[in-house]
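First to last, the protein sequences are chains A, B, C and D. Residue numbering for the first sequence is 427 to 792, as defined by the working numbering. Residue numbering for the second sequence is 427 to 792, as defined by the working numbering. Residue numbering for the third sequence is 2 to 277, as defined by the working numbering. Residue numbering for the fourth sequence is 2 to 277, as defined by the working numbering.
Any given hint might turn out to be false.
[Unchecked claim] Below, simulated BS3-like cross-link-like pairs (lysine-lysine); rule was C-alpha separation at most 27 Å, straight line:
| hint | chain 1 | residue 1 | chain 2 | residue 2 |
| --- | --- | --- | --- | --- |
| 1 | A | Lys613 | B | Lys602 |
| 2 | A | Lys724 | B | Lys613 |
| 3 | A | Lys602 | A | Lys724 |
[Said to hold, decoys possible] DEER-style ranges, computed between Cβ atoms:
| hint | chain 1 | residue 1 | chain 2 | residue 2 | range |
| --- | --- | --- | --- | --- | --- |
| 4 | C | Pro197 | B | Arg444 | 35 to 45 Å |
| 5 | C | Pro42 | D | Lys50 | 46 to 56 Å |
| 6 | B | Tyr566 | A | Asp732 | 50 to 60 Å |
| 7 | B | Ser638 | D | Ala273 | 54 to 64 Å |
Bear in mind the hints are in silico, worked out from the structure with no lab data behind them. For every residue, glycine included, the Cβ atom is placed at its ideal position computed from N, Cα and C.
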Amino acid sequence: MSNASKDCGSPPAIQISRLKKCYGAVEVLRGLDLVIPEGSYTTFLGPSGSGKTTLLRIIAGFASVSEGTVSISGVDVTDRAARARDVGMVFQNYALFPHLTARENVEYPLKVRRLPREERRRRALEYLERVHLAEWADRYPRELSGGQQQRVALARSLVYGPKLLLLDEPLSALDKHLRGQMQDFLKELQRDLGITFVHVTHDQSEALALSSLVVIMRDGRLEQVGSPEQIYLEPNSRFVAGFIGNSNIVCCSVTARNGRLATVKLGDGTEVGVPIPAGVTERLGVGEKSLLLLRPEKAETGYRIDTSVVAMSGPVLSTTFMGTHYQVVFSTRHGEITAHLNNDYAPGQSVDVAWRAGNLIVLPAG
Amino acid sequence: MSNASKDCGSPPAIQISRLKKCYGAVEVLRGLDLVIPEGSYTTFLGPSGSGKTTLLRIIAGFASVSEGTVSISGVDVTDRAARARDVGMVFQNYALFPHLTARENVEYPLKVRRLPREERRRRALEYLERVHLAEWADRYPRELSGGQQQRVALARSLVYGPKLLLLDEPLSALDKHLRGQMQDFLKELQRDLGITFVHVTHDQSEALALSSLVVIMRDGRLEQVGSPEQIYLEPNSRFVAGFIGNSNIVCCSVTARNGRLATVKLGDGTEVGVPIPAGVTERLGVGEKSLLLLRPEKAETGYRIDTSVVAMSGPVLSTTFMGTHYQVVFSTRHGEITAHLNNDYAPGQSVDVAWRAGNLIVLPAG
Amino acid sequence: MPAHRIKINPIVLAAAPGIALLLIFFAIPLANLTVRSLTDPEFGLGNYKAVLGSQTYLRVGWRTIWISFLAMSGCVLIGTPVAYAIAHSKRRALVVATLAVLGLSFLTSSLIRAFAWMILFGAQGPIVAILNAAGLDVHTLLATQVAVVVGMIHFLLPIYALTAFAGFRNMPFDLVVAAEGLGASRWYALRTVYFPLALPSIINAGSLVFVIALGFFITPALLGGPSEMMLGQLIAISISKFGDFGFAAAAGVLLMVITLFLLSAVQWVSKAGQRQ
Amino acid sequence: MPAHRIKINPIVLAAAPGIALLLIFFAIPLANLTVRSLTDPEFGLGNYKAVLGSQTYLRVGWRTIWISFLAMSGCVLIGTPVAYAIAHSKRRALVVATLAVLGLSFLTSSLIRAFAWMILFGAQGPIVAILNAAGLDVHTLLATQVAVVVGMIHFLLPIYALTAFAGFRNMPFDLVVAAEGLGASRWYALRTVYFPLALPSIINAGSLVFVIALGFFITPALLGGPSEMMLGQLIAISISKFGDFGFAAAAGVLLMVITLFLLSAVQWVSKAGQRQ
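Required output: the full structure, derived from the provided sequences and hints.
Take a look at the structure:
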């Protein structure tokens, strides 16, 4: 699976071709092709063990490849040591030098590059200001909070002007509130700097909130690459649909196709016309078993039954108040169905909800 | 702050009176009164350092009190050792015995109680079945996944039939997907067993999803005690409103009061009548500075301007696709406002949204 | 696969001279010792026959093992609770003070310590005075097994306690708390949870002091008499008094063989126990 | 406040006998030693005057410090890269083998090791043979400072390497990786990041072997001659040859004072350096 490289203008920030990585007999990356455009905020999203961190470490130069090539800004860096790749990297545990102050930490890459002392100091303070830590410049890492350490690590990775910043689950050590703030901060920073950010995460909402491009990985392969909207609204597979957001999944079969529109038939005989996501057109022939995804938040009450909706009804099993909505689980002929509704339903009470055809997503089975 | 004890029927699961806890000169619990009803699923929710874990450890008997009393099922246990309290406890890191198999771990509390070998074995397997781990009975903890270890720890804390189960951030080590599954499992388990669960967490959505009673703590004090609906819809303070869910907060002043209804005036002269949350009636006199909370998810487009809505408009600063909705941040006379809308807005585009009076929450300032 | 890349690990390069030197330090002296034991004064097993053929020398061998065992047992009995206390007590002052005493004891030269015991146990020492005052007719405690064992425990206890402490410190003490929460008494929790998990540390530290005790020399020489002679002394005397290098080398090799044999036996039993 | 509860910590109770015994073991012999040094043969500072008043004995004191310093330096130079390699190398076989050699070296009785070096350095030993073959007129390397220092390094290297290894193992090696990611070469990263953070471990392990070296006795006695005499030997000879317990006790107390003084000085300098 590959997204097309732009032929016009500057080369992509990262271009990966036929990349494989083995540890002994174990193949952790099974042949990847990927193009990450210049100036994008890209996230690698996947469960643990999907190879997303290994891919990041290979781009950074901390792990070698078994086969294939990695190019950064059009230059093949496959054989280049990490220090010669001129990319910034923010580690999960920040990896700040504990014996140096915040300012000295940020100066470190400039010292390596033999910049004069004054210049070093000026640029370090400039970047500490950028991450709102100018007044903490003389503190040691242990005297800073987790969020502040995170921002020192960011400043240190950016101060020498890399064209590419890699972030390895940078927010996983922060608590939920701080994580939200840091997400906003990272997004703004990337917009201001205009350089490419590549961010590894296992949190789908983090990926949606941050990125312009989401790369979904599974078992060392790319499962889907696209914008957050594409990933959420046009998933290629059951895995992606299940990983991004919660879904009800109902079996159905395709009874007719008309261009980008398919007519599917549910177990109870209901037929409904649904749009076909871009990536799965070939895999949805007439007569084939397929799956219908009903996003809980798209459920509606008070509808008219016709061929433009899929209706579900049954007794309520449980209702949970979630703040923004009630999560209602009810039992239907198609199994347990979850809907996000605005009202409270007592267990046992009957509920009727429907999904409009335009909100349904159809996928090949398996 | 205290919720009233029920006079009728059985004593509450836990009753805490004038509880203080000091470590040296530091007061970590500053005089708590709390009643936890029998059979409830209660969560202690608060930021780190709020004293929620200390409170749980005091209930379990792992920490002593400096002042005050703790009663379990009507019996004062303040001076009783942990082992004589007969409560179950699930630790954050599970605390399984690594040299014993899953079954032997679950048998341990029965062995302590000198049950005969056959009886022990039978009950351990029964409880392992309850947590869907019967076929893993002879595995050692290191051979089990995090979620499985969690469930062994649950079985071990329940097998001797305690009337009270304490859980110390039991889901914080699990990844996001597993956490959702374990939440459902815990909720069902509590419903099936009918015993009282007390669960410590710093995750507000976990607290809302699980509990029948939420205890919000801050700096060693109880900030608010109530059902998830009460906490979310009628917060007592800015802290609770900000901690539970994201909110826009706008300054206003109370211009008139009429029973449970207040008329408030915003900076731009808009006046609107809003219901007063139960806990803050005394603190919202006419003429006082107050705050208006606008929940992003309650924002609506396409409204009629009248005294029953608060309208906000301005240019869009950023739009983020969040799956279930677009998070639109726009600039208004009242500062930056966030709204959850169903459509995409380009930055710079003007947006008009409104909140109905019934969805607004008014709070005393500070 | 041409894309497979082989790199020489710079860490290994940096340490190579040190490791080589270490091997030389380790291998050459021992090889030399073995050769000497087989060739001096003439080629053959004569020296080994001399050591193993004599009732006296065999008795020295058994005594070495027995005294080492007594010293080790003393260390385990006294040192285990101490190590447990400093690993888990929250009274920092107590922990620091105990660690300081252990550290200082360890650093005090073994000679000085043996010498101090010589004075204490000697004919003019306070212990004899106390025993005499109590009506016991004792002239000296020197040249007794008690003196040797006490002196050895004094030497070995800091080593035992510090080694066991290093192991105990990493013990998950929250498991004991968890066991108490499940209804166990502190003692039951220690017995069923802490002890089984701490056993490898105890065995390690015990083996260490046992092996050190086997090669002991100063303490028994100063505190023991001829009837408490251990293998170390036998070797020293063979050299210094009789100049019999071959015999001493053979005794040295035997001491090493005994050491390695007992050590492997303990490790094997301990591993088998854990598997079970 | 009546609700304040005081409990006797059961951990402290369990360890109390052990700790008491330890204090007795630590305090009584040393007190006795000090008393003896001040009273034998008569009350006064006579023994101290005898030690400190003699050029010969003062020279023994300086030599003890100098030889210990040489041995320590050898350990730091050879042992630091070894400890670094076994702490961070991913070649398990290499790590296990090195640790095994270090462990076995440590466990081999110091007597046997000194004895092995005696043979190696002796007149009939291979080193003299090699040097003679190379045309150097050397009869023996025994009774030279080289022999003493090499023998001491052999004894101390495993202790140094294992102690430093224990410290290095907890070093955050990912910081070196991070420094490389920021553009540093491996060597620059080691110098600017690893070394400053590892320095306390190096100082600790170095102090340990230095202090052990100060009290050394067997190795210099066997490998050195009268002109390489160290304080430990002086004490031993005073007792065994002249029966001068008072003098020996005074020398022992002085050795302990030197040890503690040098140790505190190193700790103080190291702490001051870290603060800076």
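Here is how each hint holds up against the structure:
1. Proximity of Lys613 of chain A to Lys602 of chain B is assessed by CA-CA distance (about 22 Å); at most 27 Å being required, the pair is judged to hold.
2. The suggested pairing of Lys724 of chain A with Lys613 of chain B holds, with an alpha-carbon distance near 25 Å, which does not exceed 27 Å.
3. A hinted pair counts as satisfied when its Cα atoms are at most 27 Å apart, and Lys602 of chain A with Lys724 of chain A qualifies at roughly 26 Å.
4. With their beta carbons about 42 Å apart, Pro197 of chain C and Arg444 of chain B fall inside the hinted range of 35 to 45 Å.
5. The beta-carbon spacing between Pro42 of chain C and Lys50 of chain D, approximately 49 Å, falls within the hinted interval of 46 to 56 Å.
6. A C-beta distance of roughly 58 Å is found between Tyr566 of chain B and Asp732 of chain A, which places it inside the suggested range of 50 to 60 Å.
7. The given range of 54 to 64 Å is respected by Ser638 of chain B and Ala273 of chain D, whose C-beta atoms sit roughly 59 Å from each other.
Violation of the numbered hints given earlier is absent; every hint is satisfied by the structure.
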